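The primary structure of each chain is shown beneath.
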Amino acid sequence: MERKNPVFTAFVYLCAILLAAVILAPLAWLFVMSISPAADLAAKPLRWWPQAADFSRYAQLLSRAENSAGAAFTSSLRNSLEVAGMATLAAILLAVPAGWAVSRTPSVGWSLSMVIATYMLPPVALSVPLYMGLSNLGLLNNVFGLALIYLTILAPFTTWLMKSGFDSIPREIEAAAMIDGAGLLQTWRIITLPLAAPVVATSALFAVLLAWDEFFYALLFTSDQRAKTLTVAIADLAGGRVSDYGLIATAGVLAALPPVLIGLVMQRALISGLTSGGVKG
Amino acid sequence: MSGTWMTTRAWLLMLPLLVIMVAVIGWPLVDTVRLSFTDAQLVGTAGNYVGFDNYTNMLTSSNFSRTLITTTWFAVVSVAAEMVIGVLAALLLNQEFRGRAILRGLMILPWALPTVVNATLWRLIYNPEYGALNAALTQLHLIDDYRSWLGEPGTALAALIVADCWKNFPLVALIALAALQTVPRDITAAALVDGAGPFNRFRFVILPYLAGPLMVALVLRTIEAFKVFDIIWVMTRGGPANSTRSLSILVYQEAFSFQRAGSGASLALIVTLLVTVLAVAYATLVRKTAGSAA
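Line order of the protein sequences matches chains A and B. To convert, note that position 136 of the first sequence is 136 in the numbering used here; the numbers rise steadily by one, no gaps. To convert, note that position 240 of the second sequence is 240 in the numbering used here; the numbers rise steadily by one, no gaps.
Please note that the accuracy of each hint is not assured.
[Said to hold, decoys possible] Computed cross-link-like contacts, EDC-like style, restricted to lysine to aspartate or glutamate with a CA-CA straight-line distance of at most 20 Å:
1. K44(A) / D31(B)
2. K44(A) / D236(A)
3. K44(A) / E129(B)
4. K44(A) / D144(B)
[Said to hold, decoys possible] Here chain A is said to cover these stretches of chain B; the calculated rule only asks that three of the stretch's residues, wherever they fall, bring their Cβ under 8 Å from a Cβ of chain A:
5. 63-75
6. 248-257
By construction, these hints were calculated from the structure, which means they are not laboratory data. If you're wondering where the values come from, they're calculated on a predicted model, not measured in any experiment. Even glycine gets a Cβ: it sits at the ideal position worked out from N, Cα and C.
Just chain B, with the same shape it has in the complex (with noise of 0.2 Å):
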């Protein structure tokens, strides 16, 4: 059979998948790249030209730069203690103990939990009249009166990083273990007779089967966080003060709420490149350590 026929063939095949994928991926984000360039509505009129108008007042607007640092502040805090506690979690998990095979069962149901359930189980935790909380902090005399956890500024975005945590860090936990499970045993036993500590065993020996596995794990994290919408739609619709409101809750706001389509666009595709840049920046990390650890 020939080469032609054989690329013709594959092309042939991935038609169905190709059309779809441009009809609902390839074309709205053309027509984003347009509408970014307009002042249309939601609704009704189609707008006229305007340039980087949209562009120039997004990037100068004190939402714009309010809310990138706290979609920062929540991707960087919550996916940092994922992978730690993730770590910590996966090295426990590699040791023998009864009941090992059932706690790592265990890890899979915070991840199975819809996200939308996740937050909605954390909201009535978080309840600052009736829930377990306040109930429990009360009851162990650490707090006198009950707090609206999610109702002040101060306190809600570290709840809501509580909660993404509790939800994502059995994820990298299962990632970690499978690749501890490929560190051959030998090598670990002969760093033991060589005198090697706990930290050195784990920072010479161990660590470099981790960090493939981990990087990707962080890349993946990381994306997911900046694009977050649902947990903190669900738990305090970017409240109280705006003190939690995400990008991509901006971008609803704008689009959807205030129905500025136009500028709604223009925000979308800011956080578009943000997140483009930052894995970018995150591949050449991850070659540069899959280098490293070869």
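So here's chain A without its partners, still in its complex pose (with noise of 0.2 Å):
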């Protein structure tokens, strides 16, 4: 490591401070445009800082008056809530049986590979049969379709992460009870499912993530308040003729909320779950 050096010191500082800086500032920016006054967003020079906090647009979001911003905005929320929900559970019970299948049976890891390889595939490849499926089926605009095509992208990478959950469990310790004669479904209840819980756990979540993120398919098969989902939402504001600039950042902040969250709180978690894949190599 290096020397004590005064100078090399400092200069890491340096460095820390203009990092933090980088990373915070835009951050900081989005939440003092939600509390600012109108006046003081378009004032020039621009008021830094607003001259009284105003939370009134969080408020105006979250209430759910009659064909207000906030009905759009809440009715986003709540499909956002049930996309993300309903695809994350699918992609659970889909995963944990072929994650613990593959685990355990590395012969048959070769369709887990096809299934990761699709990673590659660009949602655009995908689109246009799906739209049209989807349209065949009456579920353009709804919350289950959505969820559906969610599978697409939360499923591949659930599997992924459970199959790796699955090989860090010792399969003597599965052997055991089995030959005190439980079957594989009480084997899976009492041995297999209490140890993975945790990698369950940071699917599920990285899933959530994935699905509260979602935008194009979302943008493609949803058109009214009934699916659109919170990026949906979100876009129209950007994209719209809203005229407060501070509503469209309250909208951000709002939907950054969870995920920031989880973000947090999983950190030593998800840093492990994202690196696993780099370190290995």
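Got two chains here, each in a separate frame; can you build the complex from them with the hints?
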């Protein structure tokens, strides 16, 4: 390691402050915009700090009055929660048996490799038939239809995470239970699933983040408040004729809160999940 | 328990996943291939077989070549910047200083921020009339007049790349940091004793440990950058004057705005082929890097 050189130490602190500023400044500005009165945001020179903090936009967006900005926002919030919840649950239900099978029977692993290779496919390569298919099934502009499509993204990823998780559970423990007369389902219930619970939780959180973030399919396959998700609602606001930029910023803060909280709380697990593939190379 | 039964059981357990994957990925992909040889419209007519017409029309159009160049430029510049800034940030975070754990925690924020929120945030920052960038640069006397950063072909793509880098360099930094922490301390100490300077220590002692994980990050980020849609759609919709149009945006316009499903499908498959070639080339490179590092 470096010798304790005061010039070097000062340099390290300078860089650290710079890095912190680069990360925090845009985020802080998003929040400041959300609580600044519209007049402050339009002032020249720009007021960097509001004269009086104004939280009314949060109340406005979370209210459910008919035909208001709040009605559109709260319905998209509900749709995002429903789609992310259903897609995550389905992805985990598919991933647990499949991940276990590949972990314990490597000879079928090539099929999982094929599923994971679909990550390379740009969504546009599937979008036209998916659009026509959903249209034929009457599932366009429908949260169930969108959740089903989200499995294209969520299921390969969760299966891969579950497979790595099961790999770290010694199969000898399962074998011991089976020798004692437990069947497969019983062994899973008593031994495997409790040991795999942390991996299931991590996979589920990753899946929620992916579904919450998704924009392309939601833009294509939803058209009104019955199914539009948050990302589409925010893109509508950003590209629309809303004159109050603070309102757009407020919607952004609210949409960012759940994933940012998940990210901060799950920091350690997320980082090890993100890097496990990378570090193992 | 016999091997055959184990294998059969494994397939049975994988069946639900495989059925769903065939339904939502396999079948649509095959159908895209079929559509690409027809003149089908998105709604209504099923279309007639037209052979390779869609492909030849697409590959010879100036729209395609221009969009390919734009997408490549976006991918190369943003990924290169993310890798360099990410590694520098990781080297910093690997030093010992007060507040290091907090700073490392902050790195998760841009990554966790939804892409659409990130795009919206930067769109507001670049706003030509009220944006923070114009205000800051004017107040610092670096520019005299407010500019339309996203409204001029000369600056729009660069502005997009900055927004993309800000969101994605922290992920590279976290991956590089995890790899840095696997470098044994006695090796760096020995290099120091042998009189190796900072550059040589990085090049010959630290980089071999970083190469594998960084290659993986490079592959994933490049594939993502080539498929880019969300951030561009929200910030510029491919404009002004198509100066920020990516391949995915072009497919969207062709298949959904103009409803030319057949032609859009052929373009989507060209993009898929490009990404696949890229991924295979990279995978070969990763294997070589892993071989030489060992």
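Right, here's what the structure says about each hint:
no., hint, verdict
1, K44(A) / D31(B), "violated, 55 Å"
2, K44(A) / D236(A), "violated, 27 Å"
3, K44(A) / E129(B), "holds, 9 Å"
4, K44(A) / D144(B), "holds, 13 Å"
5, 63-75, "violated (count 0)"
6, 248-257, "holds (count 5)"
In terms of the numbered hints stated before, the structure departs from hints 1, 2, 5, listed from lowest to highest.
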